[in-house]
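J.: Using the sequences and the hints given, assemble the complete structure.
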Amino acid sequence: MAKVTIYTTPTCVYCKMTKAFFKENNVQYEEKDVSADRAAADEMIKKSGQMGVPVIDIDGQILTGFDKEGLSRLLNIT
Amino acid sequence: MQYDLIIIGSGAAGLGAALYSGRYRIKTLVIGKEFGGETAKAGTIENYPGIQAIDGYELMDAMKQQTKNLGVEVIDAEATEVKRQEHCFEVCAKKATYQTHAIIFAIGAERRRLNLPNEKELTGKGVHYCVTCDGPVYSGKTIALVGGGDASVKGAVLAAEYVNKLFLIVRGKEVTAEPINLERLKNLGDKIEVLLETEVKEIVGEKMLEKLILSREFKGSTEMVVDGLFVEIGALPNVELAKSLGVLLDEHGYIKTDAMMQTNIDGVFAAGDAVNHFGSFKQDITAAAMGAVAATSAYNDRKIHGELCEHHLRPAPTSTMQFKE
Numbered sequence: 462m463a464k465v466t467i468y469t470t471p472t473c474v475y476c477k478m479t480k481a482f483f484k485e486n487n488v489q490y491e492e493k494d495v496s497a498d499r500a501a502a503d504e505m506i507k508k509s510g511q512m513g514v515p516v517i518d519i520d521g522q523i524l525t526g527f528d529k530e531g532l533s534r535l536l537n538i539t
Numbered sequence: 012m013q014y015d016l017i018i019i020g021s022g023a024a025g026l027g028a029a030l031y032s033g034r035y036r037i038k039t040l041v042i043g044k045e046f047g048g049e050t051a052k053a054g055t056i057e058n059y060p061g062i063q064a065i066d067g068y069e070l071m072d073a074m075k076q077q078t079k080n081l082g083v084e085v086i087d088a089e090a091t092e093v094k095r096q097e098h099c100f101e102v103c104a105k106k107a108t109y110q111t112h113a114i115i116f117a118i119g120a121e122r123r124r125l126n127l128p129n130e131k132e133l134t135g136k137g138v139h140y141c142v143t144c145d146g147p148v149y150s151g152k153t154i155a156l157v158g159g160g161d162a163s164v165k166g167a168v169l170a171a172e173y174v175n176k177l178f179l180i181v182r183g184k185e186v187t188a189e190p191i192n193l194e195r196l197k198n199l200g201d202k203i204e205v206l207l208e209t210e211v212k213e214i215v216g217e218k219m220l221e222k223l224i225l226s227r228e229f230k231g232s233t234e235m236v237v238d239g240l241f242v243e244i245g246a247l248p249n250v251e252l253a254k255s256l257g258v259l260l261d262e263h264g265y266i267k268t269d270a271m272m273q274t275n276i277d278g279v280f281a282a283g284d285a286v287n288h289f290g291s292f293k294q295d296i297t298a299a300a301m302g303a304v305a306a307t308s309a310y311n312d313r314k315i316h317g318e319l320c321e322h323h324l325r326p327a328p329t330s331t332m333q334f335k336e
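One line per chain: the protein sequences are A and B, in this order. When the letters of the first sequence are read in order and numbered with this note's numbering, they come out as residues 462 to 539. When the letters of the second sequence are read in order and numbered with this note's numbering, they come out as residues 12 to 336.
Incorrect hints may have been included.
Across the chosen pairs, the derived CB separations fall in these ranges [what the hints assert, rightly or not]:
id	chain 1	residue 1	chain 2	residue 2	range
1	A	Ala-497	B	Glu-185	34 to 40 Å
2	A	Arg-499	B	Gln-76	32 to 38 Å
3	B	Asp-87	A	Glu-491	22 to 28 Å
4	A	Gln-489	B	Pro-128	39 to 45 Å
5	B	Leu-81	A	Gln-522	38 to 44 Å
6	A	Lys-507	B	Arg-124	49 to 55 Å
7	B	Glu-228	A	Gln-522	42 to 48 Å
I should point out that these hints are in silico values taken from the structure, not numbers from a laboratory. Just so it is clear, CB atoms sit at the ideal spot from N, CA and C, and this is done for glycine as well.
T.: In structure tokens:
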């Protein structure tokens, strides 16, 4: 199973959409709230080179925003 | 796939329309590029009747569930083309094509940009357009927010929960927002400073935003060093798809409709932020109301013209009960 980490903020709608997508497709994930965790925010910026959320790390491959097609591809969801 | 009604857009207007079309029992598809539209990104909604306070996304999700319970199909996809087919219409998306008797354009509006050099390159790298999404990323930092309307004030109040300092940059002579939101802004105290009659002239930074150049001096300099810049300067109506079908626009570039949300084309209706029905007063309650009216017009249109088209062999819905003698 792929290791999935999502970097979020509490009020971000695209984060909610991404998490709803995970739930629909039974994807297990770790969530890091970058508004409350400075180290997680720095980690997100280092990985993605930008400051928009969500950032999703799937086995080291980085997606930004709610990218349904990209998520489906990296998680082998048809 | 054939429908009585296709609603393009899944924001407050589109789902407001779907609630009614579902109850009218006309076969309806809602196709939306970005679920929830502007409402989903609006943060907490406190001015929708009957609801004390709800997150915009949660409100949209509740509306979606309500329409799905009525048999309406809601899909996340971008309608890329709309064509006439006899007197019906064909709506094309990336993976499928749909036929319909009527269309409601509820496609909302696109956020305005500042249109400055470097703005595109630094988007996500210090320049943002969604305070509810990315504002909290700047926890403990300094940001500037451009815009003097209600959305920017709401954004400032939300961001102030996280940031250390916020500059509200307003082009006009005053901030125009709901008084309740202005009160909240004033209650933020020193955390926020409002710069009236000021514009951002330059966005400076290579890999990340470094500073802004303002149109006038602030504290002895036109340079303002901030970690983030948020742009909340309204939106432009999303009308290209409607225009491609021959729908007429008004003098402000919005879709032109009559009081019942009918456009100049028979079977084509419009609702929401792409319509100037309530002027600049663009709210969930007005968008949903326009949607309800548009769906009612589509329903009445279906009753009158529904039998004319070979694509629509289903009997038209009826609002009166028929009894056998």
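J.: Run every hint past the structure and note whether it holds.
T.: Each hint, compared with the structure:
1. About 35 Å separates the C-beta atoms of Ala-497(A) and Glu-185(B), a value consistent with the hinted range of 34 to 40 Å.
2. Take Arg-499(A) and Gln-76(B): their Cβ atoms lie about 37 Å apart, and the range 32 to 38 Å holds.
3. In this structure the hint that Asp-87(B) and Glu-491(A) lie 22 to 28 Å apart at CB holds, the actual value being about 25 Å.
4. At about 44 Å, the CB distance of Gln-489(A) to Pro-128(B) agrees with the hint of 39 to 45 Å.
5. Checked against the hint of 38 to 44 Å, the pair Leu-81(B) and Gln-522(A) passes, with Cβ atoms roughly 40 Å apart.
6. The hinted range of 49 to 55 Å is not satisfied by Lys-507(A) and Arg-124(B), whose Cβ atoms lie roughly 27 Å apart.
7. Distance hint check: the CB atoms of Glu-228(B) and Gln-522(A) are about 47 Å apart, consistent with the given range 42 to 48 Å.
In summary, the structure is inconsistent with hint 6 from the numbered list given earlier, while agreeing with all the others.
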